[in-house]
Amino acid sequence: SQKIEQNSEALNIQEGKTATLTCNYTNYSPAYLQWYRQDPGRGPVFLLLIRENEKEKRKERLKVTFDTTLKQSLFHITASQPADSATYLCALADSWGKLQFGAGTQVVVTP
Amino acid sequence: DTGVSQDPRHKITKRGQNVTFRCDPISEHNRLYWYRQTLGQGPEFLTYFQNEAQLEKSRLLSDRFSAERPKGSFSTLEIQRTEQGDSAMYLCASSWGPRDRYSGNTIYFGEGSWLTVV
Chain S
248 SQKIEQNSEA LNIQEGKTAT LTCNYTNYSP AYLQWYRQDP GRGPVFLLLI
298 RENEKEKRKE RLKVTFDTTL KQSLFHITAS QPADSATYLC ALADSWGKLQ
348 FGAGTQVVVT P
Chain U
831 DTGVSQDPRH KITKRGQNVT FRCDPISEHN RLYWYRQTLG QGPEFLTYFQ
881 NEAQLEKSRL LSDRFSAERP KGSFSTLEIQ RTEQGDSAMY LCASSWGPRD
931 RYSGNTIYFG EGSWLTVV
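Residue numbers (our numbering), protein chains in the order written: chain S, 248 to 358; chain U, 831 to 948.
Possibly wrong hints are sitting among the right ones.
Calculated Cβ distances over 12 Å to all of chain S for the following chain U residues [stated by the list, open to error]:
id, residue
1, P838
2, K844
3, V849
4, R852
5, E858
6, Q880
7, S892
8, E898
9, P900
10, Q910
11, S917
12, D930
13, F939
14, G942
15, S943
Listed below are the simulated EDC-like cross-link pairs for lysine to aspartate or glutamate, each with C-alpha atoms no more than 20 Å apart in a straight line [to be verified]:
id, chain 1, residue 1, chain 2, residue 2
16, S, K345, U, D854
17, S, K250, U, E874
18, S, K264, U, E941
19, S, K250, S, D331
20, U, K844, U, E874
21, U, K841, U, D930
22, S, K345, U, E913
23, S, K250, S, D341
24, S, K345, U, E874
Bear in mind the hints are in silico, worked out from the structure with no lab data behind them. Cβ atoms here follow ideal geometry from the backbone N, Cα and C, with glycine treated the same way.
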């Protein structure tokens, strides 16, 4: 069966450092991989999308890599700020846009 | 553009009652999705619509669940004879895309409707 795994433990990081989150998947060949941010009690907010033929994508302080051979994506937040504290969800999209999510990784950035 | 709107935001109901959630997608978005999320888990796909046509339903969607999208605009998700296991946040999302495939357009989520069954 298809499985998406993200770090289950919260990532505690000091302000200004780079946070790196991992998303591993099995039994899946996604056309797209997406990262979302979710704050407590709120809906997910889209951050970045990377296609299967792309290796890396950047947006401001965010960077995503996608290795379809390793079946892994890395999500980096550089120069992290306390406002970056949230849960980050990895999601794989099929050709119809149906998303399958990981359980998410909580990031806590301390001043 | 007001984003995806969901109503009600919170609903407490007694076991066995019926509940209905409404989702208003971003205007002109032809795709609409419903997901369910429980604490500590990522959202799980329930069903989706291309315009008014319901194209796929998850096995999670038992016979007690029904979703509609009349005229391809707003959508409703009804749960009949609620059970405690139905307690979750129900998320609606929408996007625009070609009829025959997803092209990577941004999928926008609403703030969710929290259901508590007591």
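Hints versus structure:
1. Distance to chain S confirms P838 (chain U) as a non-interface residue, since its nearest Cβ pair spans about 14 Å, more than 12 Å.
2. In this structure K844 (chain U) is separated from chain S by more than 12 Å, as the shortest Cβ-Cβ distance comes to about 23 Å.
3. With a least beta-carbon separation of about 19 Å from chain S, V849 (chain U) lies farther than 12 Å from that chain, consistent with its non-interface assignment.
4. With 12 Å as the threshold on Cβ separation, the claim that R852 (chain U) sits away from chain S holds: the shortest Cβ distance comes to roughly 15 Å.
5. For E858 (chain U), the non-interface assignment is confirmed: its Cβ lies about 16 Å from the closest Cβ of chain S, beyond the 12 Å cut-off.
6. At roughly 8 Å, the least C-beta separation between Q880 (chain U) and chain S is not larger than 12 Å, which violates its mark as non-interface.
7. No Cβ of chain S comes within 12 Å of the Cβ of S892 (chain U); the nearest lies about 19 Å off, and the non-interface call holds.
8. No beta-carbon of chain S is positioned within 12 Å of the beta-carbon of E898 (chain U); the least distance is around 19 Å.
9. The beta carbon of P900 (chain U) sits about 21 Å from the closest Cβ of chain S, which is more than 12 Å, so the claim that it is off the interface holds.
10. Every beta carbon of chain S lies more than 12 Å from that of Q910 (chain U), the smallest distance being close to 24 Å; the non-interface claim holds.
11. Distance check for S917 (chain U) against chain S: the nearest CB is about 15 Å away, which clears 12 Å, and the non-interface claim stands.
12. A beta-carbon of chain S is positioned within 12 Å of the beta-carbon of D930 (chain U); the least distance is around 9 Å.
13. F939 (chain U), annotated as away from the interface, has a beta carbon of chain S within 12 Å; the closest lies near 4 Å.
14. Not every Cβ of chain S is farther than 12 Å from the Cβ of G942 (chain U); the closest lies at roughly 5 Å, contradicting the non-interface assignment.
15. Its beta-carbon lying about 10 Å from the closest one in chain S, S943 (chain U) breaks the requirement of being farther than 12 Å from that chain.
16. Taking the CA atoms of K345 (chain S) and D854 (chain U), the gap is about 19 Å. The hint holds against a cut of 20 Å.
17. For the given pair, K250 (chain S) sits about 12 Å from E874 (chain U) by alpha-carbon distance, which is consistent with the 20 Å threshold.
18. Distance check on the hinted pair: K264 (chain S) and E941 (chain U) sit about 30 Å apart at the alpha-carbon level, beyond 20 Å; violated.
19. The hinted pair formed by K250 (chain S) and D331 (chain S) fails the criterion: a straight-line CA distance of about 26 Å is larger than 20 Å.
20. A threshold of 20 Å between alpha carbons decides the hint, and for K844 (chain U) with E874 (chain U) the separation of about 24 Å lies outside it, so the pair is violated.
21. Pair hint K841 (chain U) plus D930 (chain U) does not hold up; C-alpha atoms about 36 Å apart against a cutoff of 20 Å.
22. Proposed proximity of K345 (chain S) and E913 (chain U) is contradicted: the alpha carbons are some 26 Å apart, above 20 Å.
23. Between K250 (chain S) and D341 (chain S) the CA atoms are separated by roughly 14 Å; this keeps the pair inside 20 Å, and the hint holds.
24. Distance check on the hinted pair: K345 (chain S) and E874 (chain U) sit about 10 Å apart at the alpha-carbon level, within 20 Å; holds.
Hint compliance for this structure: hints 6, 12, 13, 14, 15, 18, 19, 20, 21 and 22 are not met, and every other hint is.
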